[in-house]
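*Asks:* So the chains spell out like this:
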Amino acid sequence: MTADTQPQTLNFECETGNYHTFCPISCVAWLYQKIEDSFFLVIGTKTCGYFLQNAMGVMIFAEPRYAMAELEEGDISAQLNDYEELKRLCVQIKRDRNPSVIVWIGTCTTEIIKMDLEGLAPKLESEIGIPIVVARANGLDYAFTQGEDTVLAAMATRCPDKTPVAETEKEERNAIQKLLHFGRQKEEVVAEESEYIQHPPLVLFGSLPDPVVTNLTLELKKQGIKVSGWLPAKRFTELPILEEGNYVCGVNPFLSRTATTLMRRRKCKLIGAPFPIGPDGTRAWIEKICSVFGIEPKGLDEREAQIWAGVEDYVKLIRGKSVFFMGDNLLEISLARFLIRCGMTVPEIGIPYMDKRYQGAELALLEKTCQEMGVPLPKIVEKPDNYNQIQRIYELQPDLVITGMAHANPLEARGINTKWSVEFTFAQIHGFTNARDILELVTRPLRRNTSLKDLGWNKLVKEEANV
Amino acid sequence: MKLAYWMYAGPAHIGTLRVASSFKNVHAIMHAPLGDDYFNVMRSMLERERDFTPVTASIVDRNVLARGSQEKVVDNITRKDKEEHPDLIVLTPTCTSSILQEDLQNFVERAQLEAKGDVMLADVNHYRVNELQAADRTLHQIVQYYIEKARKKGELPHGKTEKPSVNIIGISTLGFHNQHDCTELKRLMTDLGIELNAVIPEGASVHELKNLPRAWFNLVPYRELGLMTAHYLKEEFGVPCVEITPMGVVETARCLRSIQKVLNEQGATVDYEKYIEEQTLYVSQAAWFSRSIDCQNLTGKKAVVFGDNTHAAAMTKVLAREMGIHVVWAGTYCKYDADWFREQVSEYCDEVIISDDNGAIGDAIARVEPSAIFGTQMERHVGKRLNIPCGVIAAPIHIQNFPIGYKPFMGYEGTNQIADLVYNSFTLGMEDHLLEIFGGHDTKEVITKGISADSDLNWNKEAQTELNKVPGFVRGKVKRNTEKFARERGLTEITLEVMYAAKEAVGA
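If you read the sequences in order, they're chains D and P. What the first sequence shows, in my numbering, is residues 1 to 467, in sequence order. What the second sequence shows, in my numbering, is residues 1001 to 1508, in sequence order.
Watch out, some of these pointers could steer you wrong.
Here are the in silico distance ranges between beta carbons for each label pair [as the list claims (entries may be wrong)]:
#  : chain 1 : residue 1 : chain 2 : residue 2 : range
1  : D       : ASP96     : P       : ASN1106   : 28 to 36 Å
2  : P       : ASN1424   : D       : ARG447    : 29 to 37 Å
3  : D       : GLN79     : P       : GLY1159   : 51 to 59 Å
4  : D       : GLU84     : P       : GLY1476   : 27 to 35 Å
5  : D       : ASP313    : P       : GLY1490   : 49 to 57 Å
6  : D       : ASP454    : P       : HIS1158   : 55 to 63 Å
7  : D       : ASN81     : P       : HIS1158   : 53 to 61 Å
8  : P       : SER1292   : D       : GLN397    : 56 to 64 Å
9  : P       : ILE1404   : D       : ASN388    : 29 to 37 Å
10 : D       : ASN388    : P       : LYS1302   : 57 to 65 Å
11 : D       : ASN388    : P       : ASN1106   : 23 to 31 Å
Calculated from the structure, these hints are not laboratory results. Computed from a predicted structure; not experimentally measured. C-beta atoms are modelled at their ideal positions from N, C-alpha and C, and glycine is treated no differently.
Using the sequences and the hints, build the whole thing.
*Replies:* Have a look at this one:
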């Protein structure tokens, strides 16, 4: 991307190695829960299905709202008609589950056999009368969490572009709002509206658990900023309105495609801020949004200081220690920046994909944080080679390695503390309030191993393998 | 296209990788897109493996797709050869990359020119076979490769071992209770005075494979993995094969008698009858359990059985023959080997079901309402929904199938484990009577410990809604801590803000 916007002093490398991360179709695991009226159909092979079932372990629980369209030999060799086959499956889904939207998740296989999902969807959509959103969450182009990016980018094009004209429709859209206000005086509602400062509509994008959505919405409300909607919303039928010139801001670092789609296709203005992860990031995120709307943020100093004071018991466990990110879920830069602020050092940040433009503000904050904390800048390694990384880990002996699941147990067996990176994908880590949860995760291996340290159980493999 | 919610057997490459990574010092290279190498996660997490899984993905991305992957795959093979000096590198595609129709055999040949170790392409059709068939095929391929290599070099050993000896074929990583079964089988062979010529593939070196023909017989405990290899060794070298699964008291005895027969045919004079009798009547507790008063209460209870061929067939026989339980239907997902299953279980159950459709199996369970299910993790899940207990007896594997304690399914200790599993799966004897007399466990409405019982604080609607979103198992704690926080500050109403503040302050 545009190289000139990146800070010159951070050291970027692209190892283009053999690395392990989860397949981007894993986004089904959290998106089906988030979008309650959805049905996800992953169009792929047994390999895809077995991944979701055995490595992610979601299949059994997701059953009512998630399925595989398993491609068989006839599909691959084009003996069967894709349209007829997909229609058969989608009609069955409509009959059995009647979702508000069917999300087709394209995979590597649909890419390779060049199945024209985008071409088939509109035709089938009008034939069966259920919206079909197509996302190409394939491992040829994307890594792990970027699956969410492909789905949200596709959904961004489905957001209504105008406040519905017909009054009745508007009523319906606000039905839930109305229920919430039920029994309250009209003046009260008006008064509530007046708590906000007048500003252009702001839509936030990124899938977060509902409590975190409420939490971040409230943080902005404290500054008088009203969040008009979230992409995704809890229900597909409640997607936010996006008009030309509206402001959008991301909450997750892996949503660069969604950001681009919102800017190019929906003509929205992107607020490029660091991500609201850790009290430092959350503060910077709020400040940036405030600055765009010309609002003087109130009380953020105290708020941040108060959070830091509240987590001091955890921070003192990691201060001065080092953490190595092998790279997995693209949250690495934000987490590293927060942990450096906590007093840790970070020799290396592996990351599957680095969009220096979308992550620009976060990278700048990382650099600033390193300078302020007086620690060396980390080396950022895009598409790392896991084998080489493990050699570097042996050399550096970091106090903690944040890694994908495949390497955690073998590293632990060699006396190296690890934390699974996927836990940060599923845990609630955004906002001021959840800083404690990040630290709870980060310090757990250290706390656990402190309680075991006198037992002498550090190396649990006999001789160092050739690795 | 098939609408699938669940798979009983994995894709082909998983089978190939299970075999390759079971061997000592063998590395597998996957030709696959990012994320297809989740085998490493399964092995590391499910099996709690301490060593790095010897599988590397040579990643197929958009660039590779455009240019072809030739150099990349060859480079990755030769690189691994230099880094870790494996005896053998097995190259495998996945369902996805196999349709690229690249000439992988050619890559292997090119890499072989440079590599010190051996290089091989796993010969498997990824759309026609599943995990189990692919594992069987890959093991056969590797064994054949090393036997032919030795033959060419004139290094094939002649004759049999001096004393009766066995190859145990089919123990592999990520197999259902394989490690414990293996220990039990080794113990059994030692008891019988049979030497272990080899155990493959788990823990074996490919260099030992040329010695396989020296064994007096092959023992294939699992029908799904090893039969192809055993049949190959029989055809080539006339090594007899015992393929009776030693699971349950009766089948274990049958297996031992079969071993006795093949040994005596080769000139040994062994008699295992006394050993069988001693184990059956006095050492194993399973026969005694069958005769005990406890098991009487299981008579005529209805059960269904579902799993892979090996475990479903063996379990059906144990339930019907050894415990007097009425097996309403028995099923397998090994459709490719259905005839064998039918022949094995037909006389022990009312109906045989051959299907890999979990929905149909769930319906079949609901239809007959058994007192217990013996199935896979999927049937356990169905059982939970229908409130029917389920004992898990077969793969697909789950972390629960790698217990830390010793839990074999085979041999005489296996019979004990199975008896426990069966007994614990049914409502127990006396309990059964009491339930009938008193009409259920809970005769009163449960008086819940109301978390809001004496709360002097008022939760507003938003906060209450938020509290309800907190997972049940921690909700009480969150509520208590929030209220404590509010009381300390003299607040009477709990709003969202108070909740968050409490969380920040005390981690509520």
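*Asks:* Next step is simple, just say for each hint if it's right about the structure.
*Replies:* Now for the hints, and whether the structure bears them out:
1. D:ASP96 <-> P:ASN1106: 28 to 36 Å: violated, 47 Å
2. P:ASN1424 <-> D:ARG447: 29 to 37 Å: holds, 36 Å
3. D:GLN79 <-> P:GLY1159: 51 to 59 Å: Holds, since D:GLN79 and P:GLY1159 (Cβ atoms, about 53 Å apart) stay within the stated range.
4. D:GLU84 <-> P:GLY1476: 27 to 35 Å: Violated, since D:GLU84 and P:GLY1476 (Cβ atoms, about 53 Å apart) do not stay within the stated range.
5. D:ASP313 <-> P:GLY1490: 49 to 57 Å: At roughly 25 Å between Cβ atoms, P:GLY1490 and D:ASP313 fall outside 49 to 57 Å, so the hint is violated.
6. D:ASP454 <-> P:HIS1158: 55 to 63 Å: About 57 Å separates the Cβ atoms of D:ASP454 and P:HIS1158, which means 55 to 63 Å holds.
7. D:ASN81 <-> P:HIS1158: 53 to 61 Å: holds, 60 Å
8. P:SER1292 <-> D:GLN397: 56 to 64 Å: For D:GLN397 against P:SER1292, whose Cβ atoms are near 58 Å apart, the range 56 to 64 Å holds.
9. P:ILE1404 <-> D:ASN388: 29 to 37 Å: About 34 Å separates the Cβ atoms of P:ILE1404 and D:ASN388, which means 29 to 37 Å holds.
10. D:ASN388 <-> P:LYS1302: 57 to 65 Å: holds, 58 Å
11. D:ASN388 <-> P:ASN1106: 23 to 31 Å: holds, 28 Å
Violated hints for the displayed structure, listed by number in ascending order: 1, 4 and 5.
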